[in-house]
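Participant: Next come the chains, spelled out residue by residue.
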Amino acid sequence: MSGDAVIEIRLTLNGESVVAQVDQGDRLLDFLRYGRGLTGTKEGCGEGECGACTVLLDGLPVNSCLLPAWQANHRVVETVETVPEDELSALLESGATQCGACTPGVVMTGWWVRRNRELADTHALRELMAGNLCRCTGYDGIIEGLEAWLASAASGRPGSEEGA
Amino acid sequence: MKRVEGLSKLTGREMYVDDLPVDGCLWGATVRSPAPRGRIREIRFSDTVDWSEFTVVDHRDIPGSNSIFLIEDDQPVLAVDRVRHLHEPVLLLAHPSRESLSRALSAIEIEVDVQPPVLDFRHRPGPDQIQYGNDNVLKHLRIEKGEVESALAESPRVIEGEYETGAQEHVYLETQGMVAWEEDGVITVTGSMQCPYYIVDAFEHALGRSRDAVRIIQAATGGGFGGKEEFPSGIALHAALLSMKAGRPVKLIYDRSEDMQVSTKRHPSRVRHRTGVDHDGRLLVQDIEVILDGGAYVTLSPVVLSRSIIHASGPYACDHVRIDGRAMFTNSPPFGAFRGFGAPQTQFACERHMNRIAEALGIDPVEIRRINLIGNGDSTATGQVIRDGADRVEVMQRALEMSDYRDRVAAHDEFNATDPTRRRGMGLATFFHGAGFTGSGEVFLDSEVHVAGLPDGRIEARTANVEMGQGTLTVFTQLVCDRLGVPAEAVVIAPADTARVPDSGPTVASRTVMVVGGLLEKACDDLRERVGLRRDAEGHALVAAVRRWHDENAGQDLLGRAKYEQPEHVEWDDRTYRGDAYGAYAWGAYVADIEVDLRTFVVHVRDFVAVQEIGRVLHDTLARGQIQGGVVQALGWTLLEECKWRDGAMENSQLTNYIIPSAGDVPPIRVAFLEAPYPHGAGGAKGIGELPFDGVAPAVANAVASALGTDPTFVPITPEKLMDLLVGSAKTAGGAA
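Protein sequences appear in the order of chains X and P.
Numbering follows numbering that gives the first Met the number 0, with no gaps: position 46 of the first sequence is 45.
Numbering follows numbering that gives the first Met the number 0, with no gaps: position 731 of the second sequence is 730.
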């Protein structure tokens, strides 16, 4: 909110060291979209239900609409813009994206699972993806794409451990 | 072919309206009615805000007619002296800071002398509640075939039923939004939309601008489902009015809560059936009454009602049919276009009723469908003789086989006899969906498509039909490639920008591929002819010929054109509602396998099989995606999504308490297609987008009925409502014992 205290934060954003001034009331989502022009991260609901604004904070998925920007101070933030394109072919093939508004959030949760493949041993993919609402695909395209993505990672194709 | 814009979406590069950088942009906001009905007595601006910083627009700033151009002129762009629904737009504000805007919104008080609203479309309005005509009926339509009264009198059995469906919010993941600015005397708007030319019409009407002083450009659109058919015209007008007054660009983006409170929803319905049958279950006569909640303005309700009643008698052959439909005025925000457009409501009723008839006669639900499904040569309620498409019984048979229907019915009987807390059931629905505009609608649309040969030899398809997730860009690219024999790299789809593309009609009614795609093919043929090539010319010859044409005609446009022509077999009489309601129907048979937990009353979908005939499948991944997405959206309507109302508007306007399905709530949707190419559709295709919505609610509700031996006549079947139904029936049973 204007009139609120301005806070200086230092963070690692998509691999880069960043120093920025944020308002006390700014959400991480606002900072990314309007402060840094990283519009890949979308606002779907603004209350942490839909997951369209998912980013990774110190490697874990969070809803950036629920996180005050100043809490990113001294943390590592990754957005959809950092995911290498050649990681995305399985999702492209399977029909994981239709309108695209939920897609960056889906990709970020998927990227987290992809980098922590053991998650898929103990959790169903549908459970891991339950925080990312999609209104277009009915989820089959997303789940099948993730399965193929994980399988390609396991077989050492682009985006295996070395690339991560 | 891979989705053309797929990588752009996966990488987050795709630009939606809120992503567009706009220099010197103001933010817009809407001040809304605090009451569902009344006279505006006073509007007070608190002196805690410096209003000189703000652009403020009211109805006096509208240069043309103060109504949103559609079927009737009854919906104001901004309220004048009375309001007819909660949240109706009254004033518009713009300011450089979003925070200042939200403070300003709470510093304006609109005082309304409240009058008695109509809040239930099922009740006859009192004299002081009449607000449309002399009976609040927004539209009355009737279909009559044969002799209904005498057929009812002669029927060995008459089975009655009453069915209700609730409203549904679209929840496109991208909310509504527009940005407007003026440039060289042209008012320009870009944003989230399905129908750029609807907005051109609306601007011509309300802004008094000539069509060439208006430019509408679709931005990447994050889902529509009908919710971005007619509704965006109002937001576009609001953004334009603010921008014209401020002399600066204005962005007007709804947040989720505002979007859910004020935007259109699926029409709530009540449908009554009175059906005469013989002892074998053959349909002798169907007498059906449909009422829809239209909300506070006419908007699209007449055409939703039309599609609703045409589909109300289901995919069955019956000689005597009467369907009486009314769309009712209420003081709710108008209900509007939503995938299926009235057909899911009436087919839910029809398919529940078929099971009720089967139950009453002691016939198998499969058998009653087998003997009544419409065959080639039979006629629909409007008298349309069905001539093509896959055999409907074969479609149903395939769904039964894929779902192991018979074996599972037996297994569930056994399970239900022994399990203490759970009940399982199988449910079947057979249904149909007419593709394209109803009756002579496509003739009135008069759609036009251009295919340009560019100087570098590439081919550019120019239509006003938009990509909103359903795959327009990909299928159009594929159709041009196939028709002209050129590679995908040689094909460009022009942006849906009214300064560049002709009016090929709205992106609605499952018409984009079947109708507009067909025009695209014809425009390709025209282009090839214009460069002097024969039908069998190879693609590389075409590219060379296009370049040569430009060498010889430098600076000129090379355009292949096509305009809609009604297929010869289609005949329709709007006055009597007789004839060929649609050029073609798609046919479906869906089977749901569900489990109810008797402790929580949650209905869990264990398996879902969706079999359909949609002509030819043009793109397997996209077609499956349409079916799977449609099924899951309809599962939400069936089991989870309930609008809670306060003063006629949605109160649970948050995804926290308006629950849509997540990946964890639904099983894989198993899809199969039977193919029967439709000669008048692009590549043999019929419409697909809306079909899946029609079969889901009845399949699930029939499964719940089978699991519990109860008779849910409504959706959504939420745990609360199912508990009421079961506890209620338990009480009744207890009383009788």
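Be aware that a few hints might be false.
[Said to hold, decoys possible] Some chain P residues judged to face chain X by a derived CB distance under 8 Å, without partners named:
| id | residue |
| --- | --- |
| 1 | L9 |
| 2 | E13 |
| 3 | E650 |
| 4 | Q653 |
What the hints contain is simulated information worked out from the structure, not anything from laboratory work.
Note that the Cβ used here is the ideal one computed from N, Cα and C, for glycine as well.
Participant: Against this structure, judge whether each hint is valid.
Facilitator: Comparing the hints with the structure gives:
1. L9: holds (4 Å)
2. E13: holds (5 Å)
3. E650: violated (16 Å)
4. Q653: It holds, given that the least Cβ distance between Q653 of chain P and chain X is near 6 Å, below 8 Å.
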